[in-house]
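Just so you know, the sequences run in chain order A and B.
Add 18 to a position in the first sequence, counting from 1, and you land on the number used in the numbering used here.
Add 95 to a position in the second sequence, counting from 1, and you land on the number used in the numbering used here.
Among these hints, one or two may not hold up.
With beta-carbon atoms standing in for the labels, derived distance ranges [claimed, not checked]:
| # | chain 1 | residue 1 | chain 2 | residue 2 | range |
| --- | --- | --- | --- | --- | --- |
| 1 | A | Arg71 | B | Asn327 | 52 to 58 Å |
| 2 | A | Arg71 | B | Ala506 | 51 to 57 Å |
| 3 | A | Arg113 | B | Asp127 | 32 to 38 Å |
| 4 | A | Arg71 | B | Ile437 | 20 to 26 Å |
| 5 | B | Ile437 | A | Lys92 | 43 to 49 Å |
| 6 | A | Gln84 | B | Thr252 | 39 to 45 Å |
| 7 | A | Ala82 | B | Arg218 | 57 to 63 Å |
| 8 | A | Trp74 | B | Ser99 | 52 to 58 Å |
Everything labelled a hint here was simulated from the structure, so no lab data went into it.
A virtual CB, placed ideally from N, CA and C, is assigned to each residue, including glycine.
Okay, here's what each chain looks like letter by letter:
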Amino acid sequence: MAGETKLSHTAALILQAINAGSMYGFNLMEMTGLPSGTVYPALRRLERDELIRSQWERQAIADAEQRPPRKYYKLTAAGRLTLEGARKRYPLLERLIPPEEVKSHA
Amino acid sequence: MMRSLLKNFFYGTQRGLLGSAALMVARERRSDWLKEWSGELWHVRYETARRAEPWLSVEAERVRFCLGAFADAWCLRGSFSIRIKLRHRPALDCILWLACALCVCAAVARSLPGVRAEEDSTRYRVRPGLILIQDAGSSSLPIAAVSPEEFRDWQTTRQRFFDGIAYYRNALERVAVEGGGTEMMQVARVSPNFFAVLGTPLLLREKQATEAGAAPEAVLSYEMWVRDFGANPAAVGHVLRIGDETLRIAGVAPSSSLPLPGEPAMWVLGTSAYRGHDGDTDGFVIAHLSHRGQVAFAAHGDHIPVAVGGDDPDQAMLVGVALADAGEGPGALGGFAIFLAILALPAVVSVSLGESNFSAFRPSWKRQCVRWLFLVAKMGLVISIAFYASMALAYGFTSAYSPTAEFAQFATGFAFSLLGLRWALFDQRHRCPVCLRHVTNPTRVGLASQTFLGWNGTEMFCAGGHTLLHVPALPTSWFAVPRWVYLDSSWGFLFTP
Numbered sequence: 019m020a021g022e023t024k025l026s027h028t029a030a031l032i033l034q035a036i037n038a039g040s041m042y043g044f045n046l047m048e049m050t051g052l053p054s055g056t057v058y059p060a061l062r063r064l065e066r067d068e069l070i071r072s073q074w075e076r077q078a079i080a081d082a083e084q085r086p087p088r089k090y091y092k093l094t095a096a097g098r099l100t101l102e103g104a105r106k107r108y109p110l111l112e113r114l115i116p117p118e119e120v121k122s123h124a
Numbered sequence: 096m097m098r099s100l101l102k103n104f105f106y107g108t109q110r111g112l113l114g115s116a117a118l119m120v121a122r123e124r125r126s127d128w129l130k131e132w133s134g135e136l137w138h139v140r141y142e143t144a145r146r147a148e149p150w151l152s153v154e155a156e157r158v159r160f161c162l163g164a165f166a167d168a169w170c171l172r173g174s175f176s177i178r179i180k181l182r183h184r185p186a187l188d189c190i191l192w193l194a195c196a197l198c199v200c201a202a203v204a205r206s207l208p209g210v211r212a213e214e215d216s217t218r219y220r221v222r223p224g225l226i227l228i229q230d231a232g233s234s235s236l237p238i239a240a241v242s243p244e245e246f247r248d249w250q251t252t253r254q255r256f257f258d259g260i261a262y263y264r265n266a267l268e269r270v271a272v273e274g275g276g277t278e279m280m281q282v283a284r285v286s287p288n289f290f291a292v293l294g295t296p297l298l299l300r301e302k303q304a305t306e307a308g309a310a311p312e313a314v315l316s317y318e319m320w321v322r323d324f325g326a327n328p329a330a331v332g333h334v335l336r337i338g339d340e341t342l343r344i345a346g347v348a349p350s351s352s353l354p355l356p357g358e359p360a361m362w363v364l365g366t367s368a369y370r371g372h373d374g375d376t377d378g379f380v381i382a383h384l385s386h387r388g389q390v391a392f393a394a395h396g397d398h399i400p401v402a403v404g405g406d407d408p409d410q411a412m413l414v415g416v417a418l419a420d421a422g423e424g425p426g427a428l429g430g431f432a433i434f435l436a437i438l439a440l441p442a443v444v445s446v447s448l449g450e451s452n453f454s455a456f457r458p459s460w461k462r463q464c465v466r467w468l469f470l471v472a473k474m475g476l477v478i479s480i481a482f483y484a485s486m487a488l489a490y491g492f493t494s495a496y497s498p499t500a501e502f503a504q505f506a507t508g509f510a511f512s513l514l515g516l517r518w519a520l521f522d523q524r525h526r527c528p529v530c531l532r533h534v535t536n537p538t539r540v541g542l543a544s545q546t547f548l549g550w551n552g553t554e555m556f557c558a559g560g561h562t563l564l565h566v567p568a569l570p571t572s573w574f575a576v577p578r579w580v581y582l583d584s585s586w587g588f589l590f591t592p
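One chain only, chain A, in its complex shape (with noise of 0.2 Å):
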């Protein structure tokens, strides 16, 4: 069911950008030049859909890096599913965001 689910060129995009790996919202902005007001509810209802999963950094990785923790993305396996449908539907994604520009970013 959740790889026929019809997704947005928009949430397409966050999800090919986030299917090489762990991402967190602000590196999302920036490998797809989406703003925040966009990203972020993208997030939450691809969550809901249950196409990815979220998790929080362990503090400890945080601190080493004297930073806040992160929230980090990831795709499930119906997103997985969802996003090949997309690249069929959307040809040019791949285009948009190589899969090793993400890799580079993450």
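The hints should help you fit chain B onto chain A, whose structure is shown.
For chain B alone, kept in the frame of chain A given last:
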């Protein structure tokens, strides 16, 4: 300096925006949501600070980022909380909008360092009965006149009028600041019991007890803590250097709450107060009056002569004067501005809400109560918005108390309250007394007559079909204020939805 204040203002605004957006999120998710956005704001600030862009555009980008929090909060509310299905209620809409504006103003104001400092200055007061012992010959500015030897003598002598005394001496000293440089600052050297005698709790205090042989303690002023340490609570416990001396920061004093001579950047606690600096050894003594001392103080009016050694009290060289209190704070000043605005209101607007003697029909007492409650709620919200907005404007550009900020708060508080109350009355006069909708569709009716007896004015109606409002073009003795005409059910066909 100006840029630093503006940056503080922007940072406060950004935190305030996140705080007010968080109010829209369901309570059980709020802390997690705010933690994520605060963390993300840190990343935004960190990344944007590294860009070679004008700082104003960087700050604007950060504010834009924070504005996105409202869309996110709204999304969460819509998805995860219970949607409250409301009928279109114009009065409720108005109250909700005003409440939202109040939340934003309050969140922005309370996140500004200057506002927090002002609130702290009223919360952290010196205890009553404190006096400052100074030179008896000084007329306006207090002059230090107590030598360390005299103070030590007093400490070992049984005091009749005081139940606590502390020493206090100001000096200009070279302090190592962040970034490796040094800066000349006003430093107060005080006896170890200084804060105990003052009775003022510190804003921040080191948790662990001082170990034997540890470096002497320094208490930062609120202004220095904000300016040099970015209001970071972790500054407590750090060490700093004054000349060759190493000091440990033991706490932060609340802003402007210590009405003492000089404006020291920090207080150094310890016996160094008794050593002279550049030949200047005299200081002040802070004393707390015992019951007997209070009686003697009252007998002399506003001071008490202090005899040194066997001096005759009538020819005393020292005098104790009451420490001036930090004033009533922003709440009292704001309240006074609002009180004046209420007094001035009849001068700028007619306070009448309109007559209704054109028809025998009257709304039920319940509807009349709702109408008055709506007006009171609206005025209360407008006044609160004016209070917080004036605080934000006055203290947005300063991190501590200043007379200019106090004046700005008073002036803007008065102006905002007056304009707000004027709007509230004007708005009320254009709302149907039955359903509190705005009357609409103004229509010019009648013609101007030379005798003023002909009807000439504007007519508006309530879209719910309850009332018509007649507003005279030229107020006359027989038609001075707007009049409401209540419509009976025979008019219903005109307003059928």
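Against the structure, the hints come out as follows:
Roughly 34 Å separates the CB atoms of arginine 71(A) and asparagine 327(B), a value that falls outside the hinted 52 to 58 Å. Here the CB-CB span from arginine 71(A) to alanine 506(B) is close to 54 Å, well matched to the stated 51 to 57 Å. The hint said 32 to 38 Å for the Cβ distance between arginine 113(A) and aspartate 127(B), and at roughly 35 Å that hint holds. Checked against the given bound of 20 to 26 Å, the beta carbons of arginine 71(A) and isoleucine 437(B), roughly 55 Å apart, lie outside it.
Range check, isoleucine 437(B) to lysine 92(A): about 58 Å between beta-carbon atoms, so the 43 to 49 Å window is missed. Glutamine 84(A) and threonine 252(B) have their C-beta atoms about 53 Å apart, which leaves the hinted 39 to 45 Å range violated. For alanine 82(A) and arginine 218(B), the Cβ-Cβ distance of about 37 Å falls outside the hinted range of 57 to 63 Å, so the restraint is violated. Between tryptophan 74(A) and serine 99(B) the Cβ separation comes to about 33 Å, which falls outside the hinted range of 52 to 58 Å.
Taken one by one, the earlier hints fail for this structure at numbers 1, 4, 5, 6, 7, 8, listed in ascending order.
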